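Can you build the whole structure from these sequences, using the hints too?
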Amino acid sequence: MILNMGPQHPSTHGVLRLLLEIDGETVVKCIPDIGYLHTGIEKTCEAKFYQQVVPLTDRIDYLCPMTNNLTYCLAVEKLLQLEIPPRAQFLRVMLNELTRINSHLVWLGTHALDIGAMTVFLYCFREREELLRIFENVSGQRMMTSYFRIGGVSMDPPIDFWSKAKTFIDKFSERVDEYEGLLTSNPIWIERTRNVAHLTADDCNSLGVTGPTARASGIDWDLRRDMPYSSYEKFDFKVPVTNTGDVYGRYLLRVQELRESNSIARQAMEGMPEGPYKAEAGKIVLPDREKMKTQMEALIYHFKIVTEGFTVPAGEVYQGVESPRGEMGYYVRSDGTAKPYRVHMRSACLANLTALEKLCVGRLLADVVAAIGSIDIVLGEIDR
Amino acid sequence: MPVQPAITDIDHLKGRPAVSALQSASLLESAKFDRNELTIYVNRADIKQACELLRNSPETKFNFLADLTCADVFPSEPRFEMIYNLLSHSRKERVRLIARVPGGDASIESIMGLWPAADFFEREIFDLFGVRFVGHPNMRRIMMPEDWEGHPLRKDYPVEGYR
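Respectively, the protein sequence lines represent chains E and C.
Okay, so the first sequence: first residue is 56 according to the numbering used here, each after it adds one.
Okay, so the second sequence: first residue is 203 according to the numbering used here, each after it adds one.
There could be a bad hint or two in this list.
[Stated by the list, open to error] Okay, the calculated beta carbon distance ranges per label pair:
1. C:Pro339 <-> E:Met327: 49 to 57 Å
2. E:Gln350 <-> C:Ser309: 55 to 63 Å
3. C:Trp350 <-> E:Gln63: 15 to 23 Å
[As the list claims (entries may be wrong)] Straight-line Cα separation of at most 25 Å, DMTMM-like style, residue types lysine to aspartate or glutamate; simulated pairs:
4. C:Lys234 <-> E:Asp390
5. C:Lys263 <-> C:Glu279
6. C:Lys357 <-> E:Glu101
7. E:Lys394 <-> C:Asp213
8. C:Lys294 <-> E:Glu288
9. C:Lys263 <-> E:Asp258
10. E:Lys133 <-> C:Asp358
11. E:Lys348 <-> E:Glu335
12. E:Lys359 <-> E:Asp390
13. E:Lys394 <-> E:Glu412
14. C:Lys263 <-> C:Glu239
15. C:Lys234 <-> E:Glu138
16. E:Lys84 <-> C:Glu254
17. E:Lys413 <-> C:Glu254
18. C:Lys294 <-> E:Glu138
19. C:Lys294 <-> E:Glu101
20. C:Lys263 <-> E:Asp275
21. E:Lys394 <-> C:Asp358
22. E:Lys413 <-> E:Glu101
23. E:Lys289 <-> C:Glu239
24. C:Lys294 <-> E:Asp257
25. C:Lys357 <-> E:Asp390
26. C:Lys263 <-> C:Asp307
27. E:Lys103 <-> C:Glu283
28. E:Lys394 <-> C:Glu239
29. C:Lys234 <-> E:Asp281
30. C:Lys294 <-> C:Glu279
31. C:Lys263 <-> E:Glu335
[Claimed, not checked] Covered stretches of chain C (chain E as the covering partner; in silico rule of three or more C-beta atoms under 8 Å from a C-beta of chain E):
32. 204-213
33. 246-256
34. 263-273
35. 290-299
36. 313-319
37. 344-353
Simulated from the structure, these hints should not be mistaken for laboratory data.
Predicted model only: the values in this text are computed from it and were never measured.
Using N, Cα and C, we set each Cβ at its ideal position, and we do this for glycine too.
Listed below in structure tokens is the structure:
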């Protein structure tokens, strides 16, 4: 029998449609059908100035906008060979790790809700609300932050940001204990997740699976540690790896990542260097308001950047970043004008979705929900 | 920091295992090292062989297909550039392979046999650029509706679409 699941289904995390061929309750074939959220972002990017692309990158993955901002900015900065001041790099790291926590919280809440543990959802969204307030405080927006700019960040964080962030980071470790108390040794949770939707390390490599899903299958690879960017090499953190390769393993691994991210965010906050939050590059980075009112040159640059953008030397780069879901990569090609010739996003979710058939075939229909949840997909990023 | 000019002289790049491996198998067309990234151009007919060599050779060990995409350089010919982004976990290195595909015969061999990960990437390129992958078992549109006309990411397709 062919069963249609989605696109409007609460546990497909967006608008994923699955065509499931089932024999009794066993899944024989699973064909994902995507594209319901395709908005042509890659095409739109080609019609915008470089700095105008930043808000578009937020909308690719609405659970980790800062990671996408960062990847794009790093790619363009690599094209420009622009040095970023240490304070901006640390701010980026700190906010990226808070974004990772935010994304993992939504994942944990909805994944548990899919499987039937409702309380966890409420707990996770309690902390997520605090995080969104922090993001609003620093960028003015709760979700579509657009806080990172080419050459740094858009402004220095307000004074009360630091106390708010500290309160959150200090409390968060206990909060993770609360989630673990609800799930880690819960017999129903273990029954639903252990030895379900198994994936081996070889499958991960051949199917292009990255991120926590791959690390739960024993692949010791994390771009933050192995190909550091934005001064991640200055931080001390562990990369959790397990060999179980099942839904339960992925759950345990992401919970450990929550703790590690919290620790990185704390290190970034405590070691935050003083200094400028954006690069000294008059023709690329918007000048301070004060300079615009006092210096003719700054006013001219401001006018030029806003009205005609800035040119980027011709060339092509690929920048990969460890997003909460895996390797998020931006391929940016410039032809020497003020608009990117081509922007391509390597979506971690699209590659991870390739593995879904492997996860589901031969398993019970009820496990499909657990499998989808465990690879943590965001359809906005898949369809773009 | 001013942008350094790209190194395109193959003799200068011979020290890189990917360049020397492809050159000794005479699969290399040209190469460039720009902004700390290595790009190797290969012939369209050789792409699968080149990928296989880079994956299996003990000097290169590019075991992971990170990304596969396309760029349209319309109106010049050959029009499409297929961009393969390979990653080596053990050597912590990336390489970019580019194969040029003419607009008149927009097709290239599929590498799904090497990396099943290429499945959705190749379908996406077929959908948005109209380049056909020979040997792909399910060459259908993936993002756009089945009955859509045209390939939106081509440069001669208007940004606002046809109205």
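Notebook entry, point to check: Are Lys263 (chain C) and Asp307 (chain C) close enough, with their CA atoms no more than 25 Å apart?
Noted result: Given that 25 Å is the threshold and the Cα spacing comes to 32 Å, the pair is violated.
Proposed proximity, Asp281 (chain E) with Lys234 (chain C) (alpha carbon, max 25 Å) | 24 Å, holds
**Study point:** Restraint status (C-alpha distance of Lys234 (chain C) to Asp390 (chain E) at most 25 Å)
**Key:** The given pair, whose Cα atoms are some 16 Å apart, holds under the 25 Å limit.
Check whether the Cα positions of Lys294 (chain C) and Glu101 (chain E) lie no farther apart than 25 Å.
Between Lys294 (chain C) and Glu101 (chain E) the Cα gap is close to 31 Å, so the pair fails against 25 Å, i.e. violated.
**Message:** Given the hinted pair Lys294 (chain C) and Glu279 (chain C), is their Cα-Cα distance within 25 Å?
**Reply:** 34 Å, violated
Given the proposed pairing of Lys263 (chain C) with Asp258 (chain E), does the C-alpha separation stay at or below 25 Å?
Answer holds: Lys263 (chain C) to Asp258 (chain E) is near 17 Å, not above 25 Å.
Decide if the proposed pair is consistent with the structure: Lys348 (chain E) and Glu335 (chain E), CA atoms, cutoff 25 Å inclusive.
18 Å, holds
Point to revise | CB-CB spacing for Ser309 (chain C) and Gln350 (chain E) relative to the 55 to 63 Å hint | key: This hint holds: roughly 56 Å between Cβ atoms.
Taking 25 Å as the top limit, are the C-alpha atoms of Lys359 (chain E) and Asp390 (chain E) close enough?
-> Cα-Cα ~19 Å, so holds.
Worksheet item: Within a Cα-Cα threshold of 25 Å, do Lys289 (chain E) and Glu239 (chain C) meet the stated pairing?
Response: 23 Å, holds
Given the hint that Lys103 (chain E) pairs with Glu283 (chain C), does the C-alpha gap stay at or below 25 Å? 22 Å, holds
Would the hint linking Lys413 (chain E) and Glu101 (chain E) be met if the CA-CA limit is 25 Å?
Given that 25 Å is the threshold and the Cα spacing comes to 36 Å, the pair is violated.
Going down the numbered hints, you'll see the structure goes against 5, 7, 10, 13, 16, 19, 22, 26, 30, 31, 33, while the others check out.
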